[in-house]
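Engineer: As you go down the protein sequences, you meet chains A and F in turn.
Using the working numbering, read the first sequence as starting at 1 and increasing by one per residue.
Using the working numbering, read the second sequence as starting at 1 and increasing by one per residue.
Because the hints were derived from the structure by calculation, they are not lab data.
For each residue, glycine too, the CB sits at the ideal point set by N, CA and C.
Heads up, a few of these hints could be off.
To be verified - Examples of chain F residues toward chain A, derived with CB under 10 Å:
hint: 1; residue: Y61
hint: 2; residue: E229
hint: 3; residue: A230
hint: 4; residue: P259
hint: 5; residue: V264
hint: 6; residue: L276
Claimed, not checked - With a straight-line cut-off of 30 Å between C-alpha atoms, the simulated BS3-like cross-links for lysine-lysine are:
hint: 7; chain 1: A; residue 1: K272; chain 2: F; residue 2: K272
hint: 8; chain 1: A; residue 1: K326; chain 2: F; residue 2: K272
hint: 9; chain 1: F; residue 1: K108; chain 2: A; residue 2: K272
hint: 10; chain 1: A; residue 1: K170; chain 2: F; residue 2: K272
hint: 11; chain 1: F; residue 1: K145; chain 2: A; residue 2: K272
hint: 12; chain 1: A; residue 1: K59; chain 2: F; residue 2: K272
hint: 13; chain 1: A; residue 1: K59; chain 2: F; residue 2: K145
hint: 14; chain 1: A; residue 1: K145; chain 2: F; residue 2: K59
hint: 15; chain 1: A; residue 1: K108; chain 2: F; residue 2: K272
hint: 16; chain 1: A; residue 1: K272; chain 2: F; residue 2: K59
hint: 17; chain 1: A; residue 1: K272; chain 2: F; residue 2: K170
hint: 18; chain 1: F; residue 1: K326; chain 2: A; residue 2: K272
Letter by letter, the chains look like this.
There are 2 protein chains.
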Amino acid sequence: MAEINRRIVLAARPHGEPNASHFRMEEGRVPHPGESEVLLRNRWLSLDPYMRGRMSAAKSYAEPVGIGEVMVGGTVSEVVASQHPDFAAGETVVAFGGWQDYAVSGAKGLRKLDPRVSPPSLALGILGMPGMTAYTGLLDIGRPKPGETVVVAAATGPVGSLVGQIARLKGARAVGIAGGPEKCRALTEVFGFDAAIDHRAADFPQALAAACPDGIDVYFENVGGAVFEAVLPLLNDFARVPVCGLVAGYNDTELPAGPDRSPVLMRAVLTKRLHLQGFIVWDFADRADAFGRDVGAWLAEGRVAYREDVVDGLENAPEAFVGLLKGRNFGKLVVRLD
Amino acid sequence: MAEINRRIVLAARPHGEPNASHFRMEEGRVPHPGESEVLLRNRWLSLDPYMRGRMSAAKSYAEPVGIGEVMVGGTVSEVVASQHPDFAAGETVVAFGGWQDYAVSGAKGLRKLDPRVSPPSLALGILGMPGMTAYTGLLDIGRPKPGETVVVAAATGPVGSLVGQIARLKGARAVGIAGGPEKCRALTEVFGFDAAIDHRAADFPQALAAACPDGIDVYFENVGGAVFEAVLPLLNDFARVPVCGLVAGYNDTELPAGPDRSPVLMRAVLTKRLHLQGFIVWDFADRADAFGRDVGAWLAEGRVAYREDVVDGLENAPEAFVGLLKGRNFGKLVVRLD
Numbered sequence: 001m002a003e004i005n006r007r008i009v010l011a012a013r014p015h016g017e018p019n020a021s022h023f024r025m026e027e028g029r030v031p032h033p034g035e036s037e038v039l040l041r042n043r044w045l046s047l048d049p050y051m052r053g054r055m056s057a058a059k060s061y062a063e064p065v066g067i068g069e070v071m072v073g074g075t076v077s078e079v080v081a082s083q084h085p086d087f088a089a090g091e092t093v094v095a096f097g098g099w100q101d102y103a104v105s106g107a108k109g110l111r112k113l114d115p116r117v118s119p120p121s122l123a124l125g126i127l128g129m130p131g132m133t134a135y136t137g138l139l140d141i142g143r144p145k146p147g148e149t150v151v152v153a154a155a156t157g158p159v160g161s162l163v164g165q166i167a168r169l170k171g172a173r174a175v176g177i178a179g180g181p182e183k184c185r186a187l188t189e190v191f192g193f194d195a196a197i198d199h200r201a202a203d204f205p206q207a208l209a210a211a212c213p214d215g216i217d218v219y220f221e222n223v224g225g226a227v228f229e230a231v232l233p234l235l236n237d238f239a240r241v242p243v244c245g246l247v248a249g250y251n252d253t254e255l256p257a258g259p260d261r262s263p264v265l266m267r268a269v270l271t272k273r274l275h276l277q278g279f280i281v282w283d284f285a286d287r288a289d290a291f292g293r294d295v296g297a298w299l300a301e302g303r304v305a306y307r308e309d310v311v312d313g314l315e316n317a318p319e320a321f322v323g324l325l326k327g328r329n330f331g332k333l334v335v336r337l338d
Numbered sequence: 001m002a003e004i005n006r007r008i009v010l011a012a013r014p015h016g017e018p019n020a021s022h023f024r025m026e027e028g029r030v031p032h033p034g035e036s037e038v039l040l041r042n043r044w045l046s047l048d049p050y051m052r053g054r055m056s057a058a059k060s061y062a063e064p065v066g067i068g069e070v071m072v073g074g075t076v077s078e079v080v081a082s083q084h085p086d087f088a089a090g091e092t093v094v095a096f097g098g099w100q101d102y103a104v105s106g107a108k109g110l111r112k113l114d115p116r117v118s119p120p121s122l123a124l125g126i127l128g129m130p131g132m133t134a135y136t137g138l139l140d141i142g143r144p145k146p147g148e149t150v151v152v153a154a155a156t157g158p159v160g161s162l163v164g165q166i167a168r169l170k171g172a173r174a175v176g177i178a179g180g181p182e183k184c185r186a187l188t189e190v191f192g193f194d195a196a197i198d199h200r201a202a203d204f205p206q207a208l209a210a211a212c213p214d215g216i217d218v219y220f221e222n223v224g225g226a227v228f229e230a231v232l233p234l235l236n237d238f239a240r241v242p243v244c245g246l247v248a249g250y251n252d253t254e255l256p257a258g259p260d261r262s263p264v265l266m267r268a269v270l271t272k273r274l275h276l277q278g279f280i281v282w283d284f285a286d287r288a289d290a291f292g293r294d295v296g297a298w299l300a301e302g303r304v305a306y307r308e309d310v311v312d313g314l315e316n317a318p319e320a321f322v323g324l325l326k327g328r329n330f331g332k333l334v335v336r337l338d
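Okay, chain A solo, but in the shape it has when bound (with noise of 0.2 Å):
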């Protein structure tokens, strides 16, 4: 075992974007396990939007990353050293190990890793945390029903891709939205979404009403800003909004410019009696057990694609991060740790 734990601190609150200012590689001793406790080496880091809202002091469903304090984020990890009954030494867990090498952990939160999820990163993706929140904010929340349109921006990432492919796989219509040419030939070409919108094109809300002949019966929404301003008026009557995610105003330092439009949305909540609804994974945490089984099951059966986007090393996890919020990824961001 190594004598060094190397972590990323939060060395700043950033405002605006994130950058590697923001973030302190330490150097400190591996930690020992203290009773019904085990340690962890971390092999596998996710990194997700959601780790942008902790940066910040702001009032949110968690607390935030205290300055000095290791990032958080969920991690395919080994267990080196167990003093809990429940896990020994070999096993390997997903935990929430945070950006760093070894992590002590107390065995609330520790999962062991099914064994046939391969490779074990799947489980920080498609079969992890954003894979349920797919699962369970489409079919929950968004109950699309057969022939409906369904509709899903950051669309190749891990929520989204998932999110048109459930919806296609309950019988509704996918459009995906993606940043790029390339990211939208994947949609269509890898996780077979019905069309894909570039919302970097000029002409990105009409070619979004021109894919939605119908209009939009499910809207999952993970990025808000013009994406969503698009997608307002092409709702449906009935229409669902499950509110995952805004990450595109993740760095927003101000309100965006007058006038206020917030009377707009809550007139066409109230005309088309859209149902809005804000929700994180962990308020489905009931749902687990289905999820783990229909889209495992998906999965065994080549049914549903995913992608990852593996960077090497954890002092590359900062650069990898603030490239995400601006959607450098392609796939789910997972860093190696080994």
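Here the structure of chain A is known, so what remains is to put chain F in place on it, guided by the hints.
Structural biologist: Leaving out everything else, chain F in the frame of chain A:
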């Protein structure tokens, strides 16, 4: 039978607040019912905020009233001649007779008045569309749990007053918002609200916060504007917001000045996992029996109170309606046409 049918038609579409010039009283001959039709003498006319929407050409959940067409509206009416086997002269019905003395109607949308409804005007209020709006919006979307806090504005109106009373019957705490001390007094003394807040007071947001020490779990939205702005920061995680109306903005001719606050709203939806849902009462048509049974029983048992604001004479309907949009009525606004 009088030879003359007086009717109030839409003379012009208002830009901003409607006034008398947007209506015109016309006189015509009393129409004759055709095959399967009945001739109605309207006795009571309901005036409701949704009618402002019908005066505009903007797309909504219902077609606008055409220029020169009779203003639409619910009525309690007497059948004076019938060509329909199910209805006989002398019967009293709830109809959509409009702002006029006489109307010809098909059977669709006619409902015989339950003789237990006394006075008959209650069929336009607590036992009619507004009552069912409160019942379904609160119970089917708001779903208050015992001990939760329910907030409603326009709370002395027929919808708001029943929302608060049903909330209390379900074990929740009811906080009502109204304009002026007299209405606020009625909220606690007549309708039994736990607290009443005057939205005209300079310290309205602070007073609302003080009246909701445990936050807000259900906000029944029927006004929008400054009230919603004060409510939004007080909403608890997982709060439900049935969106029933936005009367504060119905006369607006332009959007409020910037900045654009819609990201604030969407961020609240996400981080608090709010559930916003627009509805109109007819979306819950299958709940009509449950509504009639429950509210009828509560009324008979003296467990819910109501208040009517009765205006005499069809000719006074326009002025009364203009006042309704300004909150000048006090209770359910009905026009007695006899």
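Engineer: Please verify that hint: A230 of chain F, Cβ, nearest Cβ of chain A, below 10 Å or not.
Structural biologist: violated (14 Å)
Engineer: Given the hinted pair K272 of chain A and K59 of chain F, is their Cα-Cα distance within 30 Å?
Structural biologist: Between K272 of chain A and K59 of chain F the Cα gap is close to 10 Å, so the pair holds against 30 Å.
Engineer: Given P259 of chain F as an interface hint, is its Cβ closer than 10 Å to any Cβ of chain A?
Structural biologist: Holds - the Cβ of P259 of chain F comes within 10 Å of chain A, reaching about 4 Å at its closest.
Engineer: Can you confirm whether the C-alpha distance between K108 of chain F and K272 of chain A stays at or below 30 Å?
Structural biologist: Status holds; Cα separation ~24 Å.
Engineer: Take a quick look at whether K59 of chain A and K145 of chain F sit within 30 Å of each other, Cα to Cα.
Structural biologist: holds (25 Å)
Engineer: Taken at face value, is the distance from the CA of K272 of chain A to the CA of K145 of chain F at most 30 Å?
Structural biologist: holds (27 Å)
Engineer: Per the CB criterion, is V264 of chain F less than 10 Å away from chain A?
Structural biologist: holds (7 Å)
Engineer: Please verify that hint: E229 of chain F, Cβ, nearest Cβ of chain A, below 10 Å or not.
Structural biologist: Hint holds; E229 of chain F Cβ to chain A Cβ min 9 Å, cut 10 Å.
Engineer: Does the alpha-carbon distance linking K326 of chain F and K272 of chain A stay inside the 30 Å limit?
Structural biologist: holds (25 Å)
Engineer: Are the Cα positions of K170 of chain A and K272 of chain F separated by 30 Å at most?
Structural biologist: Roughly 29 Å separates the two Cα atoms, so the pair holds.
Engineer: Taken at face value, is the distance from the CA of K272 of chain F to the CA of K59 of chain A at most 30 Å?
Structural biologist: Judged against 30 Å, a Cα distance of about 10 Å means the pair holds.
Engineer: For the pair we were handed, K272 of chain A and K170 of chain F, check the Cα-Cα distance against 30 Å.
Structural biologist: holds (29 Å)
Violated hint: 3 only; the structure is consistent with all others.
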